[in-house]
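> Same order as they appear, the protein sequences are chains Y and X. If you count by the numbering used here, then the first sequence holds residues 221 to 439, one letter each, in order. If you count by the numbering used here, then the second sequence holds residues 1245 to 1725, one letter each, in order.
Note that these hints are calculated values from the structure, not bench results. Quick reminder that beta carbons are idealized off the backbone N, C-alpha and C, glycines included. One thing to keep in mind: the hints can contain errors.
Claimed, not checked - Now the stretches of chain Y that chain X is said to cover, found in silico as 3 or more residues with beta-carbon under 8 Å:
id: 1; region: 244 to 253
id: 2; region: 381 to 393
As the list claims (entries may be wrong) - Simulated coverage check for chain X against chain Y, where a stretch passes if three residues somewhere in it have a Cβ under 8 Å from a Cβ of chain Y:
id: 3; region: 1372 to 1379
id: 4; region: 1407 to 1419
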Amino acid sequence: MISNSTQILFFLQILLFLLVIFMHLSRKSSSTITLYLVQSLIVAVLLFSSALQQPSWLPLFIAVLVFVLKVIVAPQFFYRLIREHQITFSASTYLNAPVTLIIIAMLTAFTYSDLFKPLTVLTEQNVDMLPLAIAMLLISVFLVINRKGALSQMIGILSLENAIVSFAFLAGLEQAPGLQVGILFDILVWVMIATVFATLVFRQVGSLDVTAMKNLKEE
Amino acid sequence: MLILLLIVLPFTASILSFFVKKQMAKLSYVVSRAAVVELIIALVITTLVVKDGTYQFIPYFSVDALGALIMMIVTVVGLAASWYSSGYLAVEMSKGIIDFHKIKQYFVLLHLFILAMLFAVCTTNPILMWIAVEATTLSTAFLISFYNKPTAIEAAWKYLIINSVGLLLGFFGTLLFLYPALQAGQGGLITWQSIWANITGFDPFVVKMAFIFILVGYGTKMGLVPMHTWLPDAHSKAPVPISSLLSGILLNIAFFAILRFKVVVDLVVGPLFAQQLLIFFGIISILVPAFIILSQKNYKRLLAYSSIEHMGIMALGFGFGGNGVFAALLHMVYHSLAKSLLFLSSGNIFLKYSSTKIANVKGALSVLPITGVAFIIGFLAITGVPPFGIFLTEFTILSAGIQQHPAVTVLALFGLVLVFVGFFKHMVAMMFGDNEKQVTHGEAGKWTVLPIIMLIIILVTVSLFIPAPLTLLINSATSVY
């Protein structure tokens, strides 16, 4: 089983981590969505592999729900958004690529510092992977801050949520299925509302670049 | 059972509102009756909490003293805002600013917003509480962008993104708080009780780290500086009754969530850690808005910044500890009433002057005599002028801090003086002077005035005479939090 293989788990965790970095470097909206889709697919695989080891069918149901919501539904919303508004390239970043990479490196080094070492009490098995999940979390927050595009900000938030799910998976903090359904429902509603707002932003400023919204500054 | 009723009622009201066709009166009927029944149920629950200490429906839904206090705030301010909404939106519809479809959307979301807040207060599961707080963001996003103006959409987008990031960080912190209970084999929904029962399994470092995430996460929702940037925009762009709910209730719900986790932190690492953090966030949340208020040009933003300042005062009260905790909880009650009163009064001013700019409002006291007086009463109450209760609570909080933290206390006092000066300057500019625009005199209608009068009566009453059940609730909450 995958979850019994620490090496495969570590490999998948590295993939998740790299995907957030690629999101930072990606300039095309469609690429960013695809990267999120792949990231979500890996999260769904992790949950699926864990669910197969449990006697109850509920975790399996949750894994399927995660797959449907994050790999199919959410990306479809985003693809439709860029199709409707014919957006090829996502808006630029506040910082250029080299500075962005330096900050990512610093954030990663920070999570591997002594400061986070006590977190190892959470799990003995996946202790080397926890800092990577926290790095993914911080880099996702940085994606939301650094990107000027509304779509990239939305994907940054969903990537942050994936980072938390992967952390919870590694640390054994998965919640009861009922709660996970509630959280997934929340995410679904969030995706729908955020997509509607992105459309409204586009109608107002003619692009998804949030820096073009300057009305509040002028008040 | 009462908790179930309290949660089902706004949900039912939302569905009923959704199916109403072209009749504003029916929407008003549903919202006003639902708000009254919610208040009655909350009163009964609070009476039971005063009598027995807690009221429990099932282990996952229970109300303690602090919960009852906030539930009362939700339903009282909710009642005022609901009644006011009918009058306010009717005037806007008569002016052609909004149509029936928008009003229906407004009421459907308003009921869901109240539902989410009541749910957050009643649940004993931290994840369900998080879901409910996140639901408040989702239900209010469209209310903030209600007028579909570019500024409103910008404010709503900022609100959605910043709060979502904040709440996800809060979610991460929440998960970290659950690990001892999970490691102890606690299945199903983990309640606060089961977290407290497994307190020995906590690692102090993890608890500290988790609380920082909680404070940043829910602190974003609470509007603590420096995570506050969304608040002045969102609170100033939303329709006035929604602003009153955002400022008067929602910020307290976020603070309630922080306090729930603070209990655990205090038990594991001692009270000093959380207190120091609350003092830090509290003092900057007083000082930063104080300077901005001084040079503010928009009266709705002025009220929004004032809310940040008052959240800072409450945080400071809990940071100082001792009598400061009692005062902070009492402050929560006074602030909710006074801020709602001010926001609803500002709504009447906006209806008359069609502008939220301070410079465009002159002679409001003569143009809107009742609203003008209400606004002045609200100003006196919110800036802590005696005999209003906020004077007592601010004085007690500062007294609690003067020995242990003299520098912080002096800075806080300086901030409060700045706020008074700034607020006073703007209030005088708006209330007095010549009515240059020749705006017609008179209030817009009874439903835009009665809720304000109701809030004044409650505010003045609880300022001059703190009811015994209120003292009991706050004392009981103080012993836990």
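> Next, verify each hint and record whether it holds.
Structure-based check of each hint:
1. 244 to 253: violated (count 0)
2. 381 to 393: The restraint on the region 381 to 393 of chain Y holds, since 7 of its residues have a Cβ under 8 Å from chain X and three suffice.
3. 1372 to 1379: Coverage by chain Y holds for the region 1372 to 1379 of chain X (4 residues, Cβ < 8 Å).
4. 1407 to 1419: With 7 residues close enough to chain Y, the hint holds.
Comparing the model with each numbered hint stated earlier shows that hint 1 is the single one that does not hold.
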